[in-house]
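Colleague: Chains W and X are the protein sequences, given in the same order. In this text, residue positions in the first sequence follow the working numbering: the first is 227, and each later residue adds one. In this text, residue positions in the second sequence follow the working numbering: the first is 839, and each later residue adds one.
Be a bit skeptical, because a hint or two may be false.
As the list claims (entries may be wrong) - Derived pair list, reagent style DSSO-like, types lysine-lysine, alpha-carbon separation capped at 27 Å:
1. K1099(X) <-> K390(W)
2. K863(X) <-> K262(W)
3. K863(X) <-> K1106(X)
What the hints assert, rightly or not - Quick look at which bits of chain W chain X covers, simulated, 3 or more residues with Cβ under 8 Å:
4. 241-253
5. 257-268
6. 296-303
7. 332-340
8. 394-406
No wet-lab data here; the hints were simulated from the structure. Given the structure is predicted, the values throughout are model-derived calculations rather than measurements. Ideal placement from N, C-alpha and C gives every residue a C-beta, glycine not left out.
Residues per chain are reported as follows:
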Amino acid sequence: MTEPVPFVSGVAAPLIRPNIDTDQIIPSREMKSVGKTGLADGLFAGWRYTAPGSREPNPDFVLNQPGFAHATILLGGPNFGCGSSREHAVWALHEYGIRAVIAPGFAPIFRGNCVRNGIIPVVLPEEAVEAIAVEGAKVAIDLLAQTVACGPLSCSFEIDPSAKAMLAEGLDAIDLTLKHCGEIGSFQTRDRAARPWVYLEDS
Amino acid sequence: MTGVQWTAKWRPPLPEPAPRTLFEKLWDSHCVARLDDGAELIAIDRIFLHERTGSVALKALAEAGRTVAEPARVFCTMDHIVDTRPGRTGTLVKGGAVFLTETRAAAQAAGIRLFDIDDPDQGIVHVISPELAIVLPGLTLVCPDSHTCSQGALGALAWGIGSSEAEHAMATGTLRMSRPKTMRVTFSGRLQPGVTPKDMALALIAADGAAGGGGYAIEFAGEAVEALDVEGRLTLCNMATEFAAVTGFIAPDEVTFDYLKGRRYAPKGELWERAVAAWRLLATDPGAHFDREIVIDAAEIEPMVSWGTSPQSSVGIGGAVPDADARELGYIGLEAGTRLAGVPIDAAFIGSCTNSRLSDLRRAAAIVKGRHVAPGVRALVVPGSMNVRRAAEAEGLDRIFAEAGFEWRLSGCSMCFYAGGEGFAPGTRVISSTNRNFEGRQGPGVRTHLASPETVAASAIRGAIADPRELAQ
Ligand code: SF4
Chain W
227 MTEPVPFVSG VAAPLIRPNI DTDQIIPSRE MKSVGKTGLA DGLFAGWRYT APGSREPNPD
287 FVLNQPGFAH ATILLGGPNF GCGSSREHAV WALHEYGIRA VIAPGFAPIF RGNCVRNGII
347 PVVLPEEAVE AIAVEGAKVA IDLLAQTVAC GPLSCSFEID PSAKAMLAEG LDAIDLTLKH
407 CGEIGSFQTR DRAARPWVYL EDS
Chain X
839 MTGVQWTAKW RPPLPEPAPR TLFEKLWDSH CVARLDDGAE LIAIDRIFLH ERTGSVALKA
899 LAEAGRTVAE PARVFCTMDH IVDTRPGRTG TLVKGGAVFL TETRAAAQAA GIRLFDIDDP
959 DQGIVHVISP ELAIVLPGLT LVCPDSHTCS QGALGALAWG IGSSEAEHAM ATGTLRMSRP
1019 KTMRVTFSGR LQPGVTPKDM ALALIAADGA AGGGGYAIEF AGEAVEALDV EGRLTLCNMA
1079 TEFAAVTGFI APDEVTFDYL KGRRYAPKGE LWERAVAAWR LLATDPGAHF DREIVIDAAE
1139 IEPMVSWGTS PQSSVGIGGA VPDADARELG YIGLEAGTRL AGVPIDAAFI GSCTNSRLSD
1199 LRRAAAIVKG RHVAPGVRAL VVPGSMNVRR AAEAEGLDRI FAEAGFEWRL SGCSMCFYAG
1259 GEGFAPGTRV ISSTNRNFEG RQGPGVRTHL ASPETVAASA IRGAIADPRE LAQ
């Protein structure tokens, strides 16, 4: 169960580079426990700190700059979140306080992970993302209306209805699906007859 | 008006069923329900976990008081952070032991089959799953690992998910999915000698960009794909995720069936015959529609090598570093205009779920045989599974590598990625048969050049990036 995010507003930190991968968002060496928490410190560790393993802030990195440290929105480049499937990338962003990422495109697994963890993946054209970065002011994302507003700028975005519903209501996907247990059961009965080799027995 | 004469025996022909793609057949046969929000509930036939991301899914599931619906269809391996040095007992990653112990405990509690560190079948998930026929044509298989798309090579719908989705799949036997768009990538013609499936994948991504396959389920087809053995097909499909695709797959054919027959979890006897009959119907029907098509002339592909920090930053081995983003060139430490062939390397790595199977090791060994790694170059071979390792040893490949100065390791992901354990020193230039050359992927500051196993082998011998065709023997 995640908190619903029908609306997000706040400072948007620009990190507009293509192909920002999940190894950058949270390096594997920062995944220290079998859990979903304690990850914010390792967020963007390779860029955020002066040396691997160090915690000395690199002043050049956007989240270390005054004004962006409390960003709730990240502006990214094309193919954001590519690479490893590690959901830790999204857990780290969420724990840091990020509630939405605006980018021209997302890698599919990362996008799915966002939806399940209360981060809105907003797809806008590259020019719009850059215009928001230039404007630099506060950004407001209305998920229900599917709009992004920033100073004089305003644009609408597409999001698939199932992702929208999950985010806006903070739904638990497993609970939702278990309501279909009747259909799952009858599918399996039919399927077991048609493709018995799929069903392995306990060894 | 001349009417048709209807007789008792003659009936108008039934309308032809619309031609369908392999993807549509796989998807439709797994659709359990259409959901109100436009997504579909897709039945999941196999779930594979590994200790790095699967452990958290198993643990979270248990903590939520939920159970694994069908443990017999869930498998788990220890591959990502296990030590690969002979005599291993655990992991070299600081604080990593907890991932092994918690995975072990959670797998046991859930009643799922674990290929533990000392199991004779242990290995990298995408290597052992086909090896043991856990993945089969026509199945859906998911794993919290982005390279799960590799397994589409067998004609399955196999894709990487997050840990929360793994929990969902284990608890419900399904996933909620929006239907992806479809793409066909056709490799027409034949590959030149010395050119491999790895080069096909890099050529595609270099041509169309790392985001080029964004959101698509991709069928690889064409003469050059049909000519590949299953191991080569696994390499090609492995890189679909580097192309931002949801997954990649190849229609199952006689090559696939011959490969699977008799393997551990493959159906046997009469069930095998029935399964193969069903699998023969999976191939895309003539005239079926794809949302996008790409055609590449396989004969034009050269051995490829990457020069930057994305797989799209790759060129033919005869090429030069282009005039690119200063940040990317700065990280990789090369200037625009530098010819790739001849760039000195510090290390050579043969391994990973992309290129660590027996055929990969054979082709690399054929180049290395009777030669020696260049002075100052560290070279390693890490077989993808313990089965691959034993098979290679039975052919004497281990001795060829060892005599040439390569380390011969136990199986695992090893230095494909850096998790805080073993790694290369900052600044090291590595030629690597892996799939990702991201900043820091093989260690902070490490410079990765992606290439085929034979290109890695040739470069290790020369001490510089080298065209494997020049060292063919
Ligand atoms: S070998 Fe590398 S890419 Fe493959 S599963 Fe392991 S870490 Fe991931």
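Colleague: Looking back at the hints listed earlier, which ones does the structure fail to meet?
Modeller: Result: hints 1, 2 and 6 break, sorted rising.
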